[in-house]
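Number of protein chains: 2
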Amino acid sequence: MVKDIEGGVTAAQGFRAAGIHAGIKKKKKDLAIVVSDHPAVVAGVFTKNKVVAAPLVVDRMQMEKSPRVRAIVVNSGNANACTGERGLQDAWQMVASTALALGVPRDEVYVSSTGVIGQTLPMENIISGITAAAPLVSREGHADAAESILTTDTFVKEVAVAVTLGGVDVVIGGMAKGSGMIAPNMATMLAFITTDARIRPSLMQAALRLAADRSFNRISVDGDMSTNDMVLVLANGASGIPEIASTTDPSYDAFATALEHVLTRLSKMIVVDGEGATKFVEIRIVEASTEEAAAQAARAIANSNLVKTAIHGEDANWGRILAAVGYSGIEFDPAATEISFGSLPILRRNYTVEFSEEEAKRVLSEKEIVITVSLHQGSASATFWTCDLSQAYVDINANYRS
Amino acid sequence: MVKDIEGGVTAAQGFRAAGIHAGIKKKKKDLAIVVSDHPAVVAGVFTKNKVVAAPLVVDRMQMEKSPRVRAIVVNSGNANACTGERGLQDAWQMVASTALALGVPRDEVYVSSTGVIGQTLPMENIISGITAAAPLVSREGHADAAESILTTDTFVKEVAVAVTLGGVDVVIGGMAKGSGMIAPNMATMLAFITTDARIRPSLMQAALRLAADRSFNRISVDGDMSTNDMVLVLANGASGIPEIASTTDPSYDAFATALEHVLTRLSKMIVVDGEGATKFVEIRIVEASTEEAAAQAARAIANSNLVKTAIHGEDANWGRILAAVGYSGIEFDPAATEISFGSLPILRRNYTVEFSEEEAKRVLSEKEIVITVSLHQGSASATFWTCDLSQAYVDINANYRS
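Order-wise, the sequence lines are chains A and B.
Residues 1 to 402 (our numbering) make up the first sequence, in order.
Residues 1 to 402 (our numbering) make up the second sequence, in order.
Since the hints were made in silico from the structure, they are not lab data.
It is possible that part of the hints are untrue.
Identical chains share a label here; the pair holds if one copy fits it or two copies do between them.
Claimed, not checked - Under the rule of at most 25 Å between Cα atoms (straight-line distance), these lysine-lysine pairs were calculated in the DSS-like manner:
#, residue 1, residue 2
1, Lys-26, Lys-48
2, Lys-50, Lys-25
3, Lys-25, Lys-361
4, Lys-361, Lys-26
5, Lys-367, Lys-27
6, Lys-28, Lys-367
7, Lys-26, Lys-65
8, Lys-27, Lys-65
9, Lys-50, Lys-3
10, Lys-28, Lys-3
11, Lys-48, Lys-25
12, Lys-367, Lys-50
13, Lys-50, Lys-26
14, Lys-268, Lys-3
15, Lys-65, Lys-361
16, Lys-25, Lys-65
17, Lys-27, Lys-268
18, Lys-361, Lys-48
19, Lys-367, Lys-268
Computed from a predicted model, the values in this text were never measured in an experiment.
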């Protein structure tokens, strides 16, 4: 039983956070620190882009040294990507400054950046920002932290849940940023999750990998894969539960389910806040031969500019949906495929089309639209989340740097 | 020596064409017939989409029967795709009516459709249109034919060239339609090419495959793959040249070069006329390890909504270009990569960026933009053509059916 509760990245016991304006952006908050009062263990997934931003190089090295973590420092406004040796030095400097300001070991600090690619960080502002933010960390600081990691996002993205593991209440909370450069098939944005569960690092990594594959890796705003995407999960054991040490421990499944719940909710928030998005679209592929094939078909639909513009125009253009499945690369029988919008059947077997354009328009005029595609092949399914493609997306991205 | 000449699909000797309004669209021309006075041989490439429109099923069956062709009938306004058994019957009916009206064998007529998916053809209009168009075919009819195959295109796309093969002047001409659903990695639109060369069908198929891979398969408007794409080449031998019967015949290379020239020019026209396009963008990947890797990297850049919107906004956002190469799947060293816009270096080795924003803005304010990405890996290269992504693209596609 997963129960939604108030709060975000500090909802779990023993976590504090702060977020301030350090002067990377003109006015908005742009630097966040999250700290665990007790040594925590960490799991992480990172972008699969071959162009990897400096903070991710640093974090992977930290993770190889040990699974222990005490703090995360995040800046927005500048991605510290494509910045070469200088960028790596700057990322390490952020780690060192945060460790010093908080009095924690350097090896236990993680760093993350998001924003413009190819510009070096304004390190003076960042170092004084870290020094100013460190004393401010508090249980109440989650909202400020969540605000500080945003770029073109229009609202903060926080989630927290409680779940009972072996009779003990455990909390998982987190924050994310999304908005642009959201593509499928990897960890696709920044998300920082904290929990007071106690769990073996390898198991948490496995749970994170699976949950990310079914949440962050199943959303799409524009199909572009970022250089900076990462999801970190910190578990500090402050709830006092015995360590989850095996996948056969019933607490493992309960924890994994709660984690997936948190990641899925953050993923959906990212889609709702997609650049220029006016509609939230859930794409369900059902009766597929395998979950992989279902996800592959869903991804092709979710990334189709033609499908996304048709949805924006509230046009029941099912042919574009079928065409996208057609080029997704999966094996299927187009004549056996059925498509519904909400509960309204649009395409039935053998290309039978008998829907009222008025009813379809009514379904498509909603803010949330569910598109179900049945392949009539098997019993596997996958769900994907995306948004429409609007003129506003073009407006936002034609002038992002200025 | 390939020489551009006037004309289109009837520029080669022995070809005639007509284009009329048959009543599929409200007012515009929507039905074309191309006929060869002499039996011709045919080569073709078709969409790789698993959802294949009825005319392509028919044409593939015609091609299996024999390589001979006398006529092509094309309608716009309705794709005859996702129309099931009825659609197949309608496509065969178009073949039969055209054969009857022209007095040519049924097995030697090809059919093609483009337009809205999922609606059955208005066969009464089409049959009377075919009956009306057949007597009108003429050497002057190429422009009407080229106009009749358009959908959201804003101008007709015709090309013709002359080339001397073994001392004899041979002509290759053609017409195409494009505009939306233009994606890489297949024959990506309708194009009909005629030539008075005499060439063995298997050799013409090989020349077409290679030329299409380097032209139609290297353009992108929106990354969506259509259900109806096809390119047909008809060769009727009317020039009187001896048959090109071997790849070692020097005329084979000359013919293949001229054919690629025709296909490339039509491809570029399609990009220029991309839905909502305001800029023509040539992407050159140079110093790559293989041509395939170069094309793969170019395709990722050409399909990136973020790159395309940045170009629309005349914003020198080179980071998005490098990020797209990063997720293209090729192996490369980001720190060794260099990027230029026109002749202006933007990114040099080791992420060195020293360009004037003003100069970059000047280059990007042009209608035609060349982006060169040097990977410093080897000596292979590939060129890709695409357009920017504008608010107008969204406008057009949000309401295509209405």
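Checked hints:
1. Taking identical chains as interchangeable, the C-alpha atoms of Lys-26 and Lys-48 are never at most 25 Å apart, the minima being 31 Å within one chain and 49 Å between chains.
2. With identical chains, the CA atoms of Lys-50 and Lys-25 are never at most 25 Å apart, being 27 Å at best within one copy and 48 Å at best between copies.
3. With identical chains, the CA atoms of Lys-25 and Lys-361 are at most 25 Å apart between copies only, with a shortest distance of 23 Å across copies and 42 Å within one.
4. Taking identical chains as interchangeable, the C-alpha atoms of Lys-361 and Lys-26 lie at most 25 Å apart only when they sit on different chains, with a minimum of 23 Å there against 43 Å within one chain.
5. In the homo-oligomer, the alpha carbons of Lys-367 and Lys-27 never lie at most 25 Å apart, since the shortest distance is 31 Å inside one protomer and 36 Å across protomers.
6. Taking the shortest alpha-carbon separations for Lys-28 and Lys-367, neither the intra-copy value of 29 Å nor the inter-copy value of 36 Å comes in at or below 25 Å.
7. Taking the shortest Cα distances, Lys-26 and Lys-65 never come within 25 Å of each other, neither inside one copy (36 Å) nor across copies (70 Å).
8. When the C-alpha separation of Lys-27 and Lys-65 is checked against a cutoff of 25 Å, the pair qualifies neither within a copy, at 37 Å, nor between copies, at 71 Å.
9. Within a single copy, Lys-50 and Lys-3 get their C-alpha atoms no closer than 38 Å, and across copies no closer than 44 Å, so neither meets the 25 Å cut-off.
10. In this assembly of identical chains, the alpha carbons of Lys-28 and Lys-3 never lie at most 25 Å apart, being 32 Å within a copy and 60 Å across copies at closest.
11. For the homomeric pair Lys-48 and Lys-25, neither the shortest alpha-carbon distance inside one copy (27 Å) nor that between copies (47 Å) is at most 25 Å.
12. Proximity of Lys-367 to Lys-50 under the C-alpha cut-off of 25 Å is found in neither arrangement, the shortest distances being 36 Å within a copy and 31 Å between copies.
13. Neither within a single protomer nor between protomers do Lys-50 and Lys-26 lie at most 25 Å apart by alpha-carbon distance, with minima of 31 Å and 50 Å respectively.
14. Taking CA atoms no more than 25 Å apart as the test, Lys-268 paired with Lys-3 passes inside one copy only; the shortest distance there is 18 Å, against 57 Å between copies.
15. In the homo-oligomer, the alpha carbons of Lys-65 and Lys-361 never lie at most 25 Å apart, since the shortest distance is 56 Å inside one protomer and 45 Å across protomers.
16. In this homomeric assembly, Lys-25 and Lys-65 never come within 25 Å of each other (Cα to Cα): the closest approach is 33 Å inside a single copy and 67 Å across copies.
17. Taking identical chains as interchangeable, the C-alpha atoms of Lys-27 and Lys-268 are never at most 25 Å apart, the minima being 28 Å within one chain and 45 Å between chains.
18. Proximity of Lys-361 to Lys-48 under the C-alpha cut-off of 25 Å is found in neither arrangement, the shortest distances being 39 Å within a copy and 31 Å between copies.
19. For a Cα distance limit of 25 Å, the shortest separation of Lys-367 from Lys-268 inside one copy, 13 Å, qualifies, whereas the shortest one across copies, 39 Å, does not.
Of the numbered hints given earlier, the model fails hints 1, 2, 5, 6, 7, 8, 9, 10, 11, 12, 13, 15, 16, 17, 18; all others are met.
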